[in-house]
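Enquirer: Below are the chains, spelled out letter by letter.
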Amino acid sequence: MLLLSAFLGDETVLVCQGFMWIFDQSNSMIPRQFQYVAPSSLKDAVSLLREHGEDAKILAGGQSLIPLMKLRLMSARYLVDINHIPKLSYIKEEKDIIKIGALTRHAEIGASKLMKSKLPIMLDAASVVADPIVRNVGTIGGALAHADPSGDWGAIVLALGAELVAVGPKGERRIKAGEFFVDTFTTRLGPTEILTEIRIPSPRKKSGGAYLKLERKVGDFAIVGVAAQIALGDGGICVEAGIGLAGAGPKPIKATLAEKALIGKKMSDESIKKAAKISAENTDPPSDIRSSSEYRKAMVEVFTRRTLQAALDRMAQR
Amino acid sequence: MNRRKTPRSRAPKGRSRAALGPRKVGPENFKHMIRVTVNGVEREATVEPRLLLVHFIRDVLRLTGTHIGCDTSNCGACTLLLNGRAVKSCAIFAVQADGGEVLTIEGLAKDGKLNPIQEAFWDNHGLQCGFCTPGMIMTAYDFLRKNSNPSEFEIRRAISGNLCRCTGYQNIVKAVAAAAESMRSAKVTVTARRR
Ligand SMILES: Cc1cc2nc3c(=O)[nH]c(=O)nc-3n(C[C@H](O)[C@H](O)[C@H](O)COP(=O)(O)OP(=O)(O)OC[C@H]3O[C@@H](n4cnc5c(N)ncnc54)[C@H](O)[C@@H]3O)c2cc1C
Ligand code: FES
Ligand code: FES
Chain Z
1 MLLLSAFLGD
11 ETVLVCQGFM
21 WIFDQSNSMI
31 PRQFQYVAPS
41 SLKDAVSLLR
51 EHGEDAKILA
61 GGQSLIPLMK
71 LRLMSARYLV
81 DINHIPKLSY
91 IKEEKDIIKI
101 GALTRHAEIG
111 ASKLMKSKLP
121 IMLDAASVVA
131 DPIVRNVGTI
141 GGALAHADPS
151 GDWGAIVLAL
161 GAELVAVGPK
171 GERRIKAGEF
181 FVDTFTTRLG
191 PTEILTEIRI
201 PSPRKKSGGA
211 YLKLERKVGD
221 FAIVGVAAQI
231 ALGDGGICVE
241 AGIGLAGAGP
251 KPIKATLAEK
261 ALIGKKMSDE
271 SIKKAAKISA
281 ENTDPPSDIR
291 SSSEYRKAMV
301 EVFTRRTLQA
311 ALDRMAQR
Chain G
319 MNRRKTPRSR
329 APKGRSRAAL
339 GPRKVGPENF
349 KHMIRVTVNG
359 VEREATVEPR
369 LLLVHFIRDV
379 LRLTGTHIGC
389 DTSNCGACTL
399 LLNGRAVKSC
409 AIFAVQADGG
419 EVLTIEGLAK
429 DGKLNPIQEA
439 FWDNHGLQCG
449 FCTPGMIMTA
459 YDFLRKNSNP
469 SEFEIRRAIS
479 GNLCRCTGYQ
489 NIVKAVAAAA
499 ESMRSAKVTV
509 TARRR
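Just so you know, the sequences run in chain order Z and G. Start counting the first sequence at 1; every next residue gets the next number (the numbering used here). Start counting the second sequence at 319; every next residue gets the next number (the numbering used here).
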């Protein structure tokens, strides 16, 4: 059951126990039947999704979807594999925007030189998402679309003020990260939309960011994860602050009030402490198998403080 | 209590399980002919899309060196190389490997001679029951190609997706380090010989 709850909350695990009986009988976990289609263009993929509506599901890395299909907690009549669509996997910078293709694997982000020099916060996350083997396959787009409240990339895109690009039957639209997450496992993406790109404004010269995650063991989802990206103006005044929280609520959370508390102030131990306190006060984290709500809340404060400090230290190094 | 909702496509409340059972979809289009090069040999089979790669390897091709541990993509026992990357074959469908190349533990030994990583696991007592070993070795194989001179810390991180219930990892880490060293010195010898 512990393994199951790596993916799911307690409530679901109870449901699973019922299912487990069925698995015990069959001794293996086989998904329901489905048809597999592997379109070679975005256009074809979108029209397949439109044709089959809610019966279709997108398959990216499959590292969340396939385990859930095996547990029969998710199923689809049609699986639309987007891995054969060209030009969905890249990391590049164009006109002060860093663009990441939705199909870029966690490991590719972790190995990116551009990320290392411009957005080391991305390397922090890429080295703690899941485990090294899952990172070879899982994609950033899949993780965002899956919208696990404890997922790492959600906190990151919120802290970085990213925009997410989705393509659907009506063409392309951009969704601000702050508006992307609706609820647990639920995003603004429609059933016929494909997430294609993550756009992050290139960070200013005097900026720094970090992501710290509290986890029970490697490969586990965060008890709490905090992402922070800050930029300083003259005299050490904070001009930009982005803070994203994982594991702190029903969805990835942008700590807007804590960000506001930092902007316009000189960065100091005091201001960091205050922001960390505000960040924790404004969350109502869930209790589950990983931790109690109280512990999570306390850790949001500790980790916001540490992450902000780490972001500052990084800036000093640059 | 965690108030997490379950994924959108899950069954609505109140419907019996029977109503959710496998839906009938016409049998045409259901199966796919796939061609996968496994350990250098081209293999062909007609498979249902829901057949997992690990079942294709074990049950269709009868290569049972790749193990199934957790079946929930947590333990790494089923790790093999797909198109040059270590993947958990219990979390990939066989159809996804169509046209690709797979390397399993059976493909490592050449001409009756063990691969240096296998050799190092043997020499360093890097296994007890051996259940995790194929996965560990395939992960190490992928890792050592990218990092030929790893630190102990890097080795520990690299195998962190592979669980072992017996060894306490000490000797596995030693084995991977020893394999790295023997592969490095073999390389040096080969280059020296070429000169
Ligand atoms: C053992 C294990 C540990 C893990 N630990 C962590 C962790 O610590 N932190 C973490 O963040 N994640 C973790 N994960 C999840 C991992 O990051 C997955 O890779 C990720 O959540 C899903 O990405 P994927 O590409 O595999 O997507 P898939 O599994 O293919 O898809 C996930 C969902 O997103 C949809 N989808 C996929 N791509 C798109 C797209 N481009 N547009 C629209 N919808 C799309 C799918 O239809 C599906 O509903 C873990 C997974 C495993 C197996
Ligand atoms: S059997 Fe595949 S990861 Fe455990
Ligand atoms: S040797 Fe027994 S599980 Fe690793």
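No lab work stands behind these hints: they were computed from the structure. Any given hint could be a false lead.
As the list claims (entries may be wrong) - Only pairs whose alpha carbons sit at most 20 Å apart, straight line, appear in this in silico PhoX-like list of lysine-lysine:
{"#": "1", "chain 1": "G", "residue 1": "K464", "chain 2": "Z", "residue 2": "K116"}
{"#": "2", "chain 1": "Z", "residue 1": "K116", "chain 2": "Z", "residue 2": "K206"}
{"#": "3", "chain 1": "Z", "residue 1": "K116", "chain 2": "Z", "residue 2": "K170"}
{"#": "4", "chain 1": "Z", "residue 1": "K116", "chain 2": "Z", "residue 2": "K99"}
{"#": "5", "chain 1": "G", "residue 1": "K349", "chain 2": "Z", "residue 2": "K113"}
{"#": "6", "chain 1": "Z", "residue 1": "K95", "chain 2": "Z", "residue 2": "K118"}
No experiment lies behind these values; they were computed from the predicted model shown.
Enquirer: So, for every hint listed, does it hold in this structure?
Expert: Okay, the hints, checked on the actual structure:
no., hint, result
1, G:K464 with Z:K116, "holds (18 Å)"
2, Z:K116 with Z:K206, "holds (16 Å)"
3, Z:K116 with Z:K170, "violated (36 Å)"
4, Z:K116 with Z:K99, "holds (14 Å)"
5, G:K349 with Z:K113, "violated (42 Å)"
6, Z:K95 with Z:K118, "holds (14 Å)"
Hint compliance for this structure: hints 3 and 5 are not met, and every other hint is.
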